[in-house]
Amino acid sequence: MNRPAFQSPSFSYRWQESCSFLIAPLTLWLCVSLSLHYGYYGNLHLMLGPNSSRLLKESSIFVETIQVRDDAKKGVLLYGFSEKPELTLETSWNVSNYLIVGSYRRQGFSLWLNKGSRIHLRWGVHSSGFSDLQVVVIKGEQDFETLDPNSTNSSKSLVFSSPTKGNGEAEYIIEEDDSYYVGAVNMNPKSVIMELSTNVLSKMYDTSKAASKCSTINGSCSLELLFPNSHYLILTTPDNGDFDGWYIELSFIARLATYVVILGIILVAILLILKYFGVCEGERTVEQVTDEVRENETSPLLPEKAIPFSYGTGEEEDSESSMHGSSEDLYDGKICVICYDEQRNCFFIPCGHSATCYTCAERIVEGENKVCPICRRLIHKVRRLFIP
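So the number in our numbering is just where the residue sits in the sequence shown, counting from 1, plus 32.
Be a bit skeptical, because a hint or two may be false.
Result set (DSSO-like, lysine-lysine): computed pairs, CA atoms no more than 27 Å apart in a straight line [stated by the list, open to error]:
1) LYS413 to LYS366
2) LYS105 to LYS307
3) LYS89 to LYS106
4) LYS307 to LYS402
5) LYS241 to LYS106
6) LYS147 to LYS245
7) LYS89 to LYS105
8) LYS245 to LYS116
9) LYS89 to LYS245
10) LYS222 to LYS241
11) LYS89 to LYS147
12) LYS116 to LYS106
13) LYS105 to LYS241
14) LYS413 to LYS307
15) LYS241 to LYS89
16) LYS222 to LYS245
17) LYS402 to LYS413
18) LYS235 to LYS222
19) LYS245 to LYS105
In short, the hints are calculated from the structure, not lab data.
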């Protein structure tokens with residue numbers, strides 16, 4: 033009578049095995065998507081000033097549409113180019129106003145300036161005895177580096193311009209595109225009233241060859257990027273004398289087809305890697321089994337059965353001895369675990385286990401659940417052991 037030596041794996045086991053192959057590519061794709069959406073292509077909050085001309089470069093492979101939002105509706109213009117525009121235009125403007133700087137506070141305004149621009153400052157303090165009043169030009173929106181007047185090393189300098197006898201002037205040369213803060217820092221315990229005159233010679237990009245254009249006069253606008261080229265964008269602001277700050281939000285709408293293709297490539301690559309390692313492991317197992325057979329080819333695979341000799345014993349003892357020998361053969365790994373009749377004369381690929389006869393092994397492979405009865409691993413092939 034044939035008895036099953038193992039239970040058939042359920043549907044949930046196969047489902048879990050299939051899901052294990054999808055966890056890695058899905059996790060990797062999710063990490064890449066989040067890093068692109070909230071990292072490099074996350075929403076940008078920009079602060080511009082009057083007569084600003086800021087260059088941006090975006091890839092249409094990952095971005096389908098760029099949207100500019102201006103809640104103040106000041107008329108920011110967004111230009112699109114297929115090639116990088118030239119920084120050839122210059123515009124000069126000046127502003128003069130009174131600043132009331134509180135104690136231990138800073139007062140001023142922010143500008144976006146391109147390389148080659150110049151700032152000329154002239155100031156006058158209407159009070160005396162304020163030795164810790166400083167006029168500064170600070171580079172960056174978060175890393176407040178201060179430029180040294182007439183210094184060529186603008187990225188590392190951290191020097192303040194101090195007024196001399198209440199009046200003074202200084203000129204700064206911009207050597208890197210960035211946001212710059214122009215103002216005064218009061219380190220005195222009392223408030224200070226001063227007059228600050230700013231003359232700016234600003235470098236601007238030529239927008240006459242723009243391929244597309246939109247305006248935020250109604251609050252927001254958007255430009256579509258043609259696939260698959262890189263695009264250059266120019267954000268410009270008019271000269272309306274507003275120094276309170278231009279707060280612009282730049283949003284990137286992702287191209288979903290690109291992310292789907294990336295997911296497919298990652299999935300195929302991981303499946304190929306898993307398949308390659310699975311085949312290699314199967315080859316290594318077959319080689320190990322072959323080596324073991326070659327090493328033990330002098331030893332017979334079939335056990336030598338001892339000839340029973342009965343010296344006056346009855347049939348009862350012979351029956352018990354026969355049952356005992358069959359049990360030993362089963363537990364010693366010699367009898368098929370499926371039918372308990374034939375010798376184990378085959379092995380499975382890729383696991384390499386030898387647990388059944390060739391007939392039972394073929395029955396397992398032709399069935400629905402093609403798994404090894406020992407390790408329950410999926411069976412690819414069955415190989416017969418040739419016993420001399």
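Structure versus earlier hints - violations, ascending order: 2, 10, 16, 18
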